[in-house]
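Participant: Go ahead and model the full structure; you've got the sequences and the hints to work with.
First to last, the sequence lines map onto chains A and B. Taking this note's numbering, the leading residue of the first sequence gets 1, the next gets one more, and so forth. Taking this note's numbering, the leading residue of the second sequence gets 1, the next gets one more, and so forth.
Hints are not guaranteed to be accurate.
[Unchecked claim] Some chain B residues close to chain A (C-beta under 7 Å, calculated; not the full set):
no.: 1; residue: Arg79
no.: 2; residue: Asn213
no.: 3; residue: Ser222
no.: 4; residue: Arg436
[To be verified] Once the Cα atoms are required to be at most 30 Å apart in a straight line, the calculated BS3-like pairs of lysine-lysine come out as:
no.: 5; chain 1: A; residue 1: Lys109; chain 2: B; residue 2: Lys18
no.: 6; chain 1: A; residue 1: Lys206; chain 2: B; residue 2: Lys428
no.: 7; chain 1: B; residue 1: Lys4; chain 2: A; residue 2: Lys86
no.: 8; chain 1: A; residue 1: Lys206; chain 2: B; residue 2: Lys439
Bear in mind the hints are in silico, worked out from the structure with no lab data behind them. C-beta atoms are modelled at their ideal positions from N, C-alpha and C, and glycine is treated no differently.
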Amino acid sequence: MNIVEVQEVTKRYSNHTALNKVSLSVREGAVFGLLGPNGAGKTTLIRILNRITFPDEGRIIFQGHPLQAEDVSKIGYLPEERGLYKKMKAGEQALYLAQLKGMSASEAKKRLKQKFEQYQISDWWNRPVEELSKGMQQKLQFIITILHKPSFLILDEPFSGFDPINTNLLKEEIMNLSREGATIILSTHNMTSVEEICNEIALINKSQKILEGNIYDIKQQFKQNTFSVEVTNDNRLDESFFNDIFQMISQKEGEHTTSYVIRIAEGHESNELLQKLTQDCNITSFAEMLPSMNDIFIQQVENFNKEHHAE
Amino acid sequence: MQNKTFLIISREYTTRVKKKSFIILTILLPILMAALIFLPLLLVMNSEKNQHSRVLVVDDTEIFLNNFEENDNTTFQYRSGDINQLTKEAFDNDEFDCVFHILDNSDGLVSNLYYKETIPTTLQSSIESQMNEIFFDKLLQDSLHIELAEFEKLQDLTKVNITAIQIDKEGNQRENDADMNMIIGMVCGFFIYFIIIIFASQVLRGVLEEKTNRIVEVLISSVKPMQLLVGKIVGIALVGITQFLIWVVLTTGILFGIQLAAPNLFQDEATTEMATEMANAPEMAELADGNIFQAISNHFPISFAELILSFFFYFVIGYLIYATLYAAMGSVVDNESDSQQYTMPVTIPLMLAIITVPSISTNPNGQLATWLSMIPLTSPISMMVRLPSGVPLWQLLTSMAICLLFLIFCIWFAAKVYRIGILMYGKKTSWKEIFRWLKSA
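Facilitator: Rendered as structure tokens:
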């Protein structure tokens, strides 16, 4: 079941269209990567999902009904442009923001104490936010975002500004939340983390969705039947090995082994290559080369831009 | 939903009230004001009581010879001769503190007061008034051949005293005191002006703070922009009211306390003179009369309730009008220095209102006064200035109605602009664009 369906959403500003008939659906329990270059319209879409702005056309279906004001309490939102009241004490502030999300003061306080401990910032409860380091402020913001146990989380560039240790902490937390059943939309430019934690993505470029689906499916869709092969140097592949079916894309000689990138012609299976290889040489490694999300992102965006520039 | 607005109000209120600057300003200001008024008086009184001045009078006209009255603080001696010589002797021998030279001049009286070290400020004025009296007495005797005492008797006899009595529709008579009306009106007007300036700009800064902090996006994913706006404006209004009440209580307490402790403070002639000299502030004049409370309560030309209610109305509505407009402007810009160009159209009427206070108070029913007390951006100040002198009821009600209607417009305007403005970063928003926002749903 889909927790969110974006249906033909269009949003225009005075001098440009931020979203142009964008439709996408987010499966319940998914970690959904919302990708796209800067200025593609991601933030606008996220704001619409949070009812901060409203679409000019189209609608948002949330848990089977049109998105309503009450639904906002089920959403946890970490904006890209995020900040805190600098002079307010960390604990007091978190308590205030949690209450604004509809939590009772006592409940919020209980959970906050627990989270502060978990994130090792308990000592900072009574300190004004301006005295906290940037990383600590971001932890605090993340705690505030997830405190009311939202079933639907929207994280806009959650990793920006985090050091590697905190990035990992955050990733683990996101995975935990996902395991507990939360649906998460993750908007980020960090493609490595997309591959690590997302299972579905949508790619938005120039106000339009240009790609959507399961990461595995997408990679299958864009794979080019290339394989990376590594063999020992005593039995290297010679020219005669390659033909119309097995094309060598590249070759790299090492001290003990040589690696090749080989493309298999359409209609042929990887097993055929493997069989042929086992006859000729000692294989040390054999793997299909799937395109990285990074490659797909760049390729898709560039293709799209070329097409639209040509128009 | 209501609950969230209340949460916002309470945050806006408590964070401000808990600030050190608020506590200091709220408690210190009345004390400072009191100190500013009373300390110089006390200092002058004490120092002058102890300072003895020996004055050498060199009177070329011989009119004033032996005529100056001595008292505990001042002694006079009379000599004649070359002024330079006498002055040198007087100061060299430390015989005198100052030398007062009255020149024989056909054009009138010309006199110089030479001194070496400081002399009491009251000495000069005391000599001046004595000279006036003596000279006047001499002229009376020389030209009209009457004694000063006789003249004063005549003066008393011919003294005219006008009591202005206002008669209202029911035929009730009320004694009216134009000066007092002016003073009350000006005080009310200035007060509303300061409230607007101080607290409406706090709203602007609060909105800006949330925007530049980037916390606003988190906030409006939880509450409606309107709730945030209302919470801020009401919260800050409550801060203002709190501060005002504390000021009133403290100032009253301090004034009352001082009056109890030193009942004669204001009757002293020297200090009265000082007070009038020091500041022509209306409060000072009243203080000099002896009792500020009596002064105010005695002189209400319009009903006390009417004045208080109107004051409260213009105080609240005036604040709300400016606060909503300032909030809208604060949401449009990214930093405080930019905000000025947007608040300008709103600030100019405010300036106009405050600049015209003197002319309105002298002519409270003139054209300028009537018009400015109708225009909603100036009326909270202008109408309050006019009100103590009596304003036709229909004018008051019309002004209030216009104010309320304008406030509704301001709320609509602010809601439209604020909602969009707080999410706009980076580029400057043009007025044209703001008007486009107004048209958007």
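Participant: A separate judgement is required for each hint: does it hold in the structure or not?
Facilitator: To see whether the hints hold, each was checked on the structure:
1. The closest approach between the C-beta of Arg79 (chain B) and any C-beta of chain A is roughly 71 Å, which is over the 7 Å cut-off, so the hint fails.
2. For Asn213 (chain B), the interface hint holds, the least distance from its beta-carbon to any beta-carbon of chain A being 4 Å, beneath 7 Å.
3. Among the interface hints, the one on Ser222 (chain B) holds; its C-beta lies about 4 Å from the nearest C-beta in chain A, closer than the 7 Å criterion.
4. Satisfaction of the interface hint for Arg436 (chain B) is found here, the shortest Cβ-Cβ separation to chain A being roughly 6 Å, below the 7 Å cut-off.
5. Using a Cα cut-off of 30 Å, the hinted pair Lys109 (chain A) and Lys18 (chain B) holds, with the two alpha carbons roughly 21 Å apart.
6. For the hint linking Lys206 (chain A) to Lys428 (chain B), the alpha-carbon distance of about 23 Å falls within 30 Å, and the restraint holds.
7. At most 30 Å may separate the alpha-carbon atoms for a hinted pair to count; Lys4 (chain B) and Lys86 (chain A) meet this at roughly 21 Å.
8. For the proposed pair Lys206 (chain A) and Lys439 (chain B), the alpha carbon gap of about 26 Å is at most 30 Å, so the pair holds.
Violated hint for the displayed structure: number 1, the only one.
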